[in-house]
Amino acid sequence: MPTIARGFVDQAELKKQVAKAAKALNPKEVRDVEFRIGSDWTGEAAIFFGILLTPYGAHDSRLADVTARVREELSERLQPYNRWGLQDYYDFTSDPVFYRDPNWM
Amino acid sequence: MAYAEDLLKQAFLLLDKEPKRPSQASLRRSVSTAYYALFHLLIQEASLNWSRLETRDYLARAFDHKTMRDASSRAENGTYDRSVNPAVVKKLRSVAKAFRELQQQRHLADYSNAKKWDRQKASAPVTQAQTAFQDWKSIRNEYVAQKYLVSLLSEYRED
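As you go down the protein sequences, you meet chains R and F in turn.
FYI, the numbering for the first sequence is 670 to 774, going by this note's numbering.
FYI, the numbering for the second sequence is 4 to 162, going by this note's numbering.
These aren't lab readings, by the way, just hints derived from the structure by calculation.
Just to be clear, a hint being listed does not mean it is correct.
No more than 30 angstroms apart at the CA atoms, straight line, and that leaves these computed lysine-lysine pairs for BS3-like [said to hold, decoys possible]:
1) F/119 x F/12
2) F/12 x F/23
3) F/93 x R/684
4) F/119 x R/689
5) F/23 x F/118
6) R/684 x F/118
7) F/118 x R/692
8) R/697 x F/23
9) F/20 x F/119
10) F/118 x R/697
11) F/93 x R/697
12) F/93 x R/692
13) R/689 x F/93
14) R/685 x F/12
15) F/119 x R/697
16) F/119 x F/23
17) F/140 x F/150
18) F/140 x F/93
19) R/697 x R/685
20) F/118 x R/685
21) F/118 x R/689
22) R/684 x F/119
23) R/697 x R/684
So the derived list for chain R, only partly shown, Cβ under 8 angstroms to chain F, looks like this [unchecked claim]:
24) 711
25) 727
26) 732
27) 737
28) 750
29) 751
30) 754
31) 758
32) 762
33) 763
34) 764
Across the chosen pairs, the derived CB separations fall in these ranges [what the hints assert, rightly or not]:
35) F/59 x R/682: 46 to 54 angstroms
36) F/113 x R/746: 28 to 36 angstroms
37) R/770 x F/52: 42 to 50 angstroms
38) R/769 x F/60: 41 to 49 angstroms
Ideal Cβ placement from N, Cα and C applies to all residues, glycine included.
Let the sequences and hints guide you as you build the complete structure.
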């Protein structure tokens with residue numbers, strides 16, 4: 670089990686890696702990816718991703734597939750737990766106003 | 004599995020309760036219910052291995068959220084023997100990840116008034132629970148899946 674405290678996470682490098690992973694996502698489905706480092710309810714270091722979907726990606730008929738794929742792709746590319754010691758969590762919306770609200774994720 | 008499946012159905016009903024302007028209460032209850040659907044599914048599955056029918060419900064009460072979450076994190080991030088079918092491992096990791104993530108979302112949905120929800124934000128964990136149900140059904144008899152059930156009850160570790 671990783672024991673990296675979040676204070677020791679190289680946030681500049683992490684930001685670079687997240688941007689790289691986000692670029693690999695389908696732009697037809699995903700408009701933007703943001704993240705913040707914090708703690709989950711157990712107190713464990715965590716990375717919280719906020720994902721802004723396109724209206725196409727958020728359509729009811731494909732929302733489940735798109736969100737599952739985005740989770741999987743970010744998780745596999747970044748290895749948040751095994752590489753960074755961070756539990757990963759994901760929030761999705763297609764509403765740009767909601768996405769900018771600091772309380773949305 | 005009926006109770007767990009009913010909870011999952013209820014999570015979807017709450018998600019669509021007010022189609023045009025969903026209330027925060029409905030969205031938050033939907034997310035919380037989706038977590039409990041998966042929670043009860045896994046507990047029921049584990050309890051099925053207890054041969055004394057009349058005491059299964061008591062066994063089910065022995066499961067603890069935090070223990071289940073830690074076991075799920077281990078199942079999600081651990082390594083598996085090469086002899087295990089990679090497709091099975093992928094589904095098991097996905098179920099374990101869903102449990103861990105849903106527990107966090109449940110915590111926020113139940114306790115955080117600061118956190119805001121829209122329909123898509125709530126839909127994502129609910130559909131994640133649905134996928135976890137489907138994945139679980141296809142691997143439930145696999146050895147690694149059964150080991151995962153044991154780990155949910157105890158501090159069982161490989162090492």
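Verification of the supplied hints:
no., hint, in the structure
1, F/119 x F/12, "23 angstroms, holds"
2, F/12 x F/23, "20 angstroms, holds"
3, F/93 x R/684, "27 angstroms, holds"
4, F/119 x R/689, "28 angstroms, holds"
5, F/23 x F/118, "20 angstroms, holds"
6, R/684 x F/118, "24 angstroms, holds"
7, F/118 x R/692, "28 angstroms, holds"
8, R/697 x F/23, "25 angstroms, holds"
9, F/20 x F/119, "17 angstroms, holds"
10, F/118 x R/697, "28 angstroms, holds"
11, F/93 x R/697, "26 angstroms, holds"
12, F/93 x R/692, "24 angstroms, holds"
13, R/689 x F/93, "24 angstroms, holds"
14, R/685 x F/12, "40 angstroms, violated"
15, F/119 x R/697, "26 angstroms, holds"
16, F/119 x F/23, "17 angstroms, holds"
17, F/140 x F/150, "15 angstroms, holds"
18, F/140 x F/93, "14 angstroms, holds"
19, R/697 x R/685, "22 angstroms, holds"
20, F/118 x R/685, "27 angstroms, holds"
21, F/118 x R/689, "28 angstroms, holds"
22, R/684 x F/119, "25 angstroms, holds"
23, R/697 x R/684, "22 angstroms, holds"
24, 711, "6 angstroms, holds"
25, 727, "5 angstroms, holds"
26, 732, "6 angstroms, holds"
27, 737, "6 angstroms, holds"
28, 750, "5 angstroms, holds"
29, 751, "6 angstroms, holds"
30, 754, "11 angstroms, violated"
31, 758, "5 angstroms, holds"
32, 762, "5 angstroms, holds"
33, 763, "6 angstroms, holds"
34, 764, "6 angstroms, holds"
35, F/59 x R/682: 46 to 54 angstroms, "49 angstroms, holds"
36, F/113 x R/746: 28 to 36 angstroms, "31 angstroms, holds"
37, R/770 x F/52: 42 to 50 angstroms, "46 angstroms, holds"
38, R/769 x F/60: 41 to 49 angstroms, "48 angstroms, holds"
Of the numbered hints listed earlier, those contradicted by the structure are 14, 30.
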